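Assemble chain P onto chain A, guided by the hints.
Protein chains: 2
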Amino acid sequence: MKVSVNGTIFEQKDALVSIADKAVWYDFGVYENIKVLQGKIMWPEMHTYRLFKSAEIIGLHIGEEKERILQWVRNYAEVQKLKDHIIKICVYGDADKNARATVYMFAIGLTFYPDQFYAQGVKAITYQGERNFPTAKSMDTLVNFIAFRTAKERGAFEAILIDREGNAREGSRSNLYIVEKETIITPPLEDVLEGVTRVLVLKLLEENEIPFKEERISKDRLMAADEIFITATSSNVMSVTEIDQQKIGAGAPGEATKQIIQLYRTMQKEYLGR
Amino acid sequence: MKVSVNGTIFEQKDALVSIADKAVWYDFGVYENIKVLQGKIMWPEMHTYRLFKSAEIIGLHIGEEKERILQWVRNYAEVQKLKDHIIKICVYGDADKNARATVYMFAIGLTFYPDQFYAQGVKAITYQGERNFPTAKSMDTLVNFIAFRTAKERGAFEAILIDREGNAREGSRSNLYIVEKETIITPPLEDVLEGVTRVLVLKLLEENEIPFKEERISKDRLMAADEIFITATSSNVMSVTEIDQQKIGAGAPGEATKQIIQLYRTMQKEYLGR
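Same order as they appear, the protein sequences are chains A and P.
Taking the numbering used here, the leading residue of the first sequence gets 46, the next gets one more, and so forth.
Taking the numbering used here, the leading residue of the second sequence gets 46, the next gets one more, and so forth.
Extracted from the complex, chain A is given alone in its bound form (with noise of 0.2 Å):
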């Protein structure tokens, strides 16, 4: 696989940082994940969008327009002739002048989760812990990556960050509702990051009449919930039955859940034009 870097394409082996680059020392960096679905790429404007968002709000300058930047990723799903894919861009700024960032594009497998993962539900684990630039897609992400091989070492498949308020926030690759008698609660965009999935479910849920409100929610309001679900763009919505080995609801996914799983299938497949 090959990488671009501000938009010329490098083999992988090319693409990389010097290890005293005081941009990759600090962190000073946003990223992105854009799915590409059977060839398409999936809402890649919302995803450049938030990549701008990220970087304004710690103070990175891309130096590029963003339909540059969209036109980068165009040519490199071509390129790569991408099928299932997510493409990681990855912008390091410059942490001495204010001169140009560098952008940064490659791709991994998308990962299909097996179906029973949406038909059962999955587990979950708290992680006490939260980003420092909650709202940022930042590069500063060593708290996701303990929370979640902390998961992993307890066989769930995600860790739910609890902030030092007491606060469920987010998945540490997700983010995170709960259904209190059929009304969807999520916590509020000046806690966590507004997941493009987010973006999308939302607007399925007020397309829909569904009732859902933006609270902060508790560890035991979390515990309480009648159901809770995550969503990311790798695993779309996927019902959470059991946190820190205790059942969720009935432990089964709701039928809150089961019917937000299947309005976002149906419009992911009419993006997909199928």
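Hints are supplied without guarantee of correctness; some may be wrong.
[Said to hold, decoys possible] Using 30 Å as the maximum straight-line C-alpha spacing, the simulated DSS-like pairs for lysine-lysine come out as follows:
#1 P:K111 with P:K67
#2 A:K47 with P:K142
#3 A:K142 with P:K168
[As the list claims (entries may be wrong)] Covered by chain P, according to a simulated footprint, are these stretches of chain A (three or more residues, beta-carbon under 8 Å):
#4 58 to 66
#5 183 to 192
Bear in mind the hints are in silico, worked out from the structure with no lab data behind them.
These figures come from a predicted structure and were not determined experimentally.
Cβ atoms here follow ideal geometry from the backbone N, Cα and C, with glycine treated the same way.
Same frame as chain A, now just chain P:
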């Protein structure tokens, strides 16, 4: 300047990491800054000790003996004929397997600050933020980078990180101390990095029977201190005489701070053998 990678010395241009390396991506690494002064490596054992401690905290398996890494440090300093430098050691773990880590070392110039910084003290700002793994020197340092950049933009030397409970923890690149009626107070080790200079300064305080305590320091307490100073490998002991444009104490280095600056200089000279 060359770079040591797992003990072998390469040209700096060849000391590269892949943009797609998960350990780089997720900041799954730890680091150290070792000072070389007049050709002498300063307290390398303390730094390698802490390197292993940091690695343990984030669950990174270095896969080498401490003594071997010390040999690499000594060999690198000798081959590169280092005089006044900082050797940065950066250890990236293996994010996928539990294989050995990669140990990079490279030298950067040692910054000497003007005498007046020590004689008159420096300005600092406060910055809301804290590191995710405060007791480990991990590569997850965006908050430090942004805090320090904010300080520079405001004409200050350092940014003091204030945690969510409103306590002053540490500088973006230093440990923090206040003086209250001749007693030195510094935050406890559960909240901050155990700086090598911090260890040395506390030892000096003990030897010289200067009273000190490890306690949390609220922002109000910080601003009301008689004196404030910071310590770091590159800047040693430095007085902070202004925070957020407000004078601290008399607005000049106090007697306790001046004494500690002097004690530290004497100790450093002794270590250098002159």
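Results for each hint:
1. P:K111 with P:K67: Roughly 25 Å separates the two Cα atoms, so the pair holds.
2. A:K47 with P:K142: holds, 24 Å
3. A:K142 with P:K168: holds, 23 Å
4. 58 to 66: holds (count 7)
5. 183 to 192: holds (count 9)
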